[in-house]
Structure formats: C-alpha cells, structure tokens
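There are 2 protein chains.
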Amino acid sequence: MENRYCVIMCGGIGSRFWPFSRTYRPKQFLDFFGTGRSLLQSTYDRFSRVIPPEHIFISTNEMYVDLVKEQLPEVTDDRILAEPQRRNTAPCIAWAAYHIQAINPDANIVVTPADHVILQEDAFAECIDKGMAFVEKFPALLTLGMKPTRPETGYGYIQIEDENDEDIKPVKTFTEKPNIELARIFVESGEFFWNSGIFIWNVCTVIKAMQRHLPEIVNRYEQNRAVFGTPDEKRFIEENYMACSNISIDFGLMEKASNVFVLCAEFGWADLGTWGAVYEFSEKDRYGNIATKGKQLRYDCNNNLIAVPEDKLVVLQGVSDCIVVESDNVLMICRRDDEQSIRKFITDAKVNFGDEFI
Amino acid sequence: MENRYCVIMCGGIGSRFWPFSRTYRPKQFLDFFGTGRSLLQSTYDRFSRVIPPEHIFISTNEMYVDLVKEQLPEVTDDRILAEPQRRNTAPCIAWAAYHIQAINPDANIVVTPADHVILQEDAFAECIDKGMAFVEKFPALLTLGMKPTRPETGYGYIQIEDENDEDIKPVKTFTEKPNIELARIFVESGEFFWNSGIFIWNVCTVIKAMQRHLPEIVNRYEQNRAVFGTPDEKRFIEENYMACSNISIDFGLMEKASNVFVLCAEFGWADLGTWGAVYEFSEKDRYGNIATKGKQLRYDCNNNLIAVPEDKLVVLQGVSDCIVVESDNVLMICRRDDEQSIRKFITDAKVNFGDEFI
Chain X
1 MENRYCVIMC GGIGSRFWPF SRTYRPKQFL DFFGTGRSLL QSTYDRFSRV
51 IPPEHIFIST NEMYVDLVKE QLPEVTDDRI LAEPQRRNTA PCIAWAAYHI
101 QAINPDANIV VTPADHVILQ EDAFAECIDK GMAFVEKFPA LLTLGMKPTR
151 PETGYGYIQI EDENDEDIKP VKTFTEKPNI ELARIFVESG EFFWNSGIFI
201 WNVCTVIKAM QRHLPEIVNR YEQNRAVFGT PDEKRFIEEN YMACSNISID
251 FGLMEKASNV FVLCAEFGWA DLGTWGAVYE FSEKDRYGNI ATKGKQLRYD
301 CNNNLIAVPE DKLVVLQGVS DCIVVESDNV LMICRRDDEQ SIRKFITDAK
351 VNFGDEFI
Chain D
1 MENRYCVIMC GGIGSRFWPF SRTYRPKQFL DFFGTGRSLL QSTYDRFSRV
51 IPPEHIFIST NEMYVDLVKE QLPEVTDDRI LAEPQRRNTA PCIAWAAYHI
101 QAINPDANIV VTPADHVILQ EDAFAECIDK GMAFVEKFPA LLTLGMKPTR
151 PETGYGYIQI EDENDEDIKP VKTFTEKPNI ELARIFVESG EFFWNSGIFI
201 WNVCTVIKAM QRHLPEIVNR YEQNRAVFGT PDEKRFIEEN YMACSNISID
251 FGLMEKASNV FVLCAEFGWA DLGTWGAVYE FSEKDRYGNI ATKGKQLRYD
301 CNNNLIAVPE DKLVVLQGVS DCIVVESDNV LMICRRDDEQ SIRKFITDAK
351 VNFGDEFI
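Those sequence lines, one after another, are chains X and D.
Each step along the first sequence adds one to the number in my numbering, with nothing skipped, and position 94 is 94.
Each step along the second sequence adds one to the number in my numbering, with nothing skipped, and position 264 is 264.
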C-alpha cells in the first residue's frame, strides 16, 4: 500500500450542467443525488478505501482551492495541486507525476476524474487492487474499460486485442464518441469497452512515455526536476504552466503509446457528463420523472428531470420531456432532447446580462 | 369635496394568484406590472386624485395591517379598519358605513376593491365626480358598470333599464358569470355592462338599505351606534364581527334593493382576478409571451406568462401556453388553460407539506 497514490482531477467547469453547475461552483462540487456528499467527496471517499488517504492528491484550478478545502478539510495544502490556468489533462497529469515522483520514485498512481458515479464499490476496489498489482510488475499504461451496457453515444470506446482471457488486455484502438449505428455495432461485437478516463501506471512508466510522446510539455518539467517537492515548485508552475500545450492525456499519450492496456471491468459506472446521463442513470418514478431535489407536486407530467433547491416546492402541470433546473439566480426549463443548446444559453446569458448568471 | 370618502377593501387572500400571491402577502400587495407600485398603492394613488386623502379608509384583515402601513405609510392608524375575521364584503362595508357616518353624517362614499387595473385615470376621475354628484342628490345605490369590450366569462354583468340617454340608468338585473354563448349575447345586446364592484352612495342611503335587506348584520351596529368613532369601537368589532353573516354586498344588498343605479363608464378597466386576466390584459411580445418580471432568454416559446423575481434569469426553451411563476419558495409551471387547478395545487401543497408553501 505504501507505493499507492491517487490523483483526483477536479478543475473543470462542467458547463453542460449549467445552471446547476456554475463557474464558481462546478459540477464536481455538487451533490447531484442528494446523498449529502458531492461528486468530489464521493470520489475521495471511494479511493480512501483502497489508497492511503494521505497519498490522495487533488488537482484543481486555483479558483477552486477554497472549495476543495471546504469539502475535503482532511486534505492538507501540500496535497492540493492548484493549476494557475486551465490546460486540459496532459499538463495536469504530467505535473502530478513529477510531484509524486519527488515524494516516492516507486509510486504507482491512479488518476481519476471527480465526476463519476460508481455503484459497486467493492468491485471497484478489487479492480484498483488488480490494476495496481499489474503496473507494479509491468511497465504498462493501464486504463479502465467499462463493459458497455447500452449503445451510448456520449462516451469514447476502447477496442481490445482479444488475445487472452485475462481481464487485462492490450488496447487495439481508441475511438471517439460514435454515432448510434456504430455504437450498436461496438456493443454487439464484444470487442469494445467504454473509456472511463481512469488510468493506472507506475510513475516511471508514465514519465518515460510522456518524454517520448509529449516532450513539449515534459521537457520543462524534466529540466527542472530539482524544484518538485521544494518550496520553489509553486513559483515554477506559475511561470511555466501557461506554456504547456492544451492537450488531453487521451489524445497526447494514450492514443500514441504502444504499451497501453485496458483493465476490463464492470462496477456500475457512469460518467456524469450531461443532464442526459443523469437522466439515464437515475431512478425514475413510474411516469419517468426524476426529482433529484426539492419538494414536488406533479400533475400530468412525464419523463422530466427536475432539480431545484432543497427548500423549494415545484408544482409542475402538463409538462413533459423537459429538464427543469433551478440553481441560485437561474431557472432553466428546456426540452430534454435539446440539452446541447445549453452552451448557447450560457453564451446568450453572458452576452445579454454579463457574468452574473454564468 | 369635504363630504367625499373612500373605502378601499384589501382583505382578500387572492389564492388564484398562488404562488405569486401568498397568505402572508396577497395579490393586492403585489406589483404585478413592475411599475414600482402594488395594486393597493395604485388604487390609493388613483383615488387620492378625487377624494381628500385623509378621507380614504383602508379595510383589511388584521393580519395585513402591517403590510398596509408599510405600503401606505401616509395612512394613519385611525383610517385602517382591521377586520378580526374574514366575513366577505357586506359586514365590512356596513362597518365602514357606520364608522364614517360617526365622522361625517353627510358622507358620500365610494367603496372599491384594491385589485383593479384602470388605464384612463382622467376618465375614471370624471366618472367618480359624476357619481358623487348623483348620490348627493338622489338616494341611490350606484354601481359602476363597465362597457364590455369582449364576451368575458370571468365577470358578472349588469343589465340596464334603457329608459334614458344619461350615463346613469336604473338596473334591471344582476347576472353571475355567464357561459361564453350567453356572454356573447350580452355584449351584442348593448344592454349589459360588466359589474366592476365599485359602489358609490350616500352613507344614509346605504345604511337605510342595509337596515332593510341585511338586518342580521346591521342590527348589531345599529344598536351600538354610540361606539363608532370612540375607543370602544375596536373592542365592539372584535366581539361582534365574527357573528356577522358571511355574505357579499352584491348578493346581500345590490341584487335586492330597488334603488340601484348603474353609472355606465369606460376607462380601460380590468379586474385582475386570475392569471388569465393578467395574460389578456398585458402587453405581449410577437410570440405571445408576457414577461412581467425577471430577466429572460426564450427559445421556441409561445404564449407564456412568466413572472419570476426581478433578480432571476429564466431560460425557457420549447415551452408554450404555460404559466411560469416563481415566488419565494415555490416554482409553479402549469398550462394556461388549466389555471383553475391552482386551488387544487394549494390544497395538495398544504396536505403534503403543511403551511410552508401557502
């Protein structure tokens, strides 16, 4: 256990969940299901069972450091990696790797987003154990692939080289979000798994791979190895982070490296990427309505997703197939099948009324 | 002018405007059109032009006295008639008559609800002048009848005896809210006017009429004439008001008395009885939407009435023919043609969640 580390990434803004998610309080800090714990807190809780809590790092944007401290008071300052700018996942994961290597050069690291829902926590823990054991032995970049349960078009897929009966298999290709026809073929073939975005690797393995595939990011870190773990690290990041390429770890590393493996797993996983995902994932009443929060009276209403503040009463009559979300100073009612318009709403709100509602 | 008095009745709860209107803040205290003045304040302003303001009395329920004082700080305590219980309009108007008679036995009184909209204030003022002059000369119970502009089924109608060319004519019958076919016939006939619920009479005339038609209410007052205008009046009302019949002045007096006249007028009048009335009355954009308050972004939305707090942004997409109202801790979205269900919503809210949302 002493070599196990975890990096929880929670620097995103989650605009697809506007207005529930706001610039000043993105989705990972929200309690979507009324459990009393935000997505970040749930993620931290989940990993605390399999990783020594003092080895769990939180990577976030500088503007959310206070929120992280508020939600996870047990996380000490030295375990919060505060990015001075948004730079996508590759620079963030590279920084975390160098930072952790300075602490423990034998570290095996699991890197995870903070906005997943996982239902079977025991199966999940077992899977992390298995992955950690694998990367300890083999210089592999391991990604968790989820057995697909439906032809979801909102996820990326991983195709496996089916050359063994083990859970861990070499990856053949990564595929971006497919259309519905392709998604159906993927699922039926049995060769494709959902790309969860959870990665496990030994710190030396990932740094070596990044040196090869992401030199424009890693060279800066490599030439300044001595600053990591020292008081100068913060200044160094502030001066250099902006210059890192804005690139995802999937595109920049996983799709290029040859030592990529997938751990095929099944533990009731969902990426809460959109309201649609929340709708699919949540328990519905017999009229297809989901009420995640607030008190409700519904009449002649079907297939709505309704989320309003806890202390509010919503009366809904004759409304179907809608998303009804209220949060702070914004009430949004839109058709469920038009939720991609939310980005437009945000732009229009900004253009017309400034930052007050963003 | 010294004999002119006014009684503004504002003790109702306005449940048809829930959740905008609440038990603790009924519709007459709300600013429906964003003018900066509530319906009560607008009514007071309007009558202040034709009645000496120190002769304007406010009749309200005890629970709204503080709201009245807050909204009309110029109204002194002695001009607020606080009903200890809800007893409909007859007991309230009777009390006001005895109260004012004790101050000025020659008083001519206009009695008015507080929830009307009147567009042509000059025509209105002229009409009050004419009515006051009439009841000074003749012992008539005068009601203002509005020339109908459409076959409205939400109003009561007054049929005139068309025996002269004057604006003031004897009343033939009062009619309750008609169905649409009947309403069309009424409007086409030219013999019917909307019953505004605004009355003008000399104090002696109305007391005499009530002695005849509402003895069960007025006898108590009559036998205790000496208390009106004294410090004992409050105690007397508290002890006797509850025993008064719960009856409207229309049913209890106007439909029975023989000396009832109607002053036919036209001054852009509306009784804001329902959301439908507000919808009909308000200016709409080219998509038929009315936004009385709050900031809005609308996409593919038609014929909605939207009222939310001033500081809130509403994003509405793909929603038509609805009432969208948010006020304090309640958000209501219902079909415009189902607004009669609001009473049911209130009952259900009370049964399920107690008084918190009523």
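Incorrect hints may appear among the rest.
The list cannot tell twin chains apart, which means a pair is met if one copy fits it or any two copies do.
[As the list claims (entries may be wrong)] With a cut-off of at most 25 Å between alpha-carbon atoms, the simulated DSS-like pairs for lysine-lysine come out as follows:
1. K295 with K137
2. K312 with K284
3. K256 with K169
4. K312 with K295
Calculated directly from the structure, the hints in this document are not laboratory data.
Fair warning: this is a prediction, and the values are worked out from it, not measured in the lab.
Each hint tested on the structure:
In this assembly of identical chains, the alpha carbons of K295 and K137 never lie at most 25 Å apart, being 53 Å within a copy and 59 Å across copies at closest. Proximity of K312 and K284 under a CA criterion of 25 Å is satisfied intra-copy only: 20 Å inside one chain copy versus 29 Å between copies. In this assembly of identical chains, K256 and K169 lie within 25 Å of each other by CA distance solely inside one copy; the values are 17 Å within and 93 Å between copies. In this homomeric assembly, K312 and K295 come within 25 Å of each other (Cα to Cα) both inside a single copy, at 6 Å, and across copies, at 20 Å.
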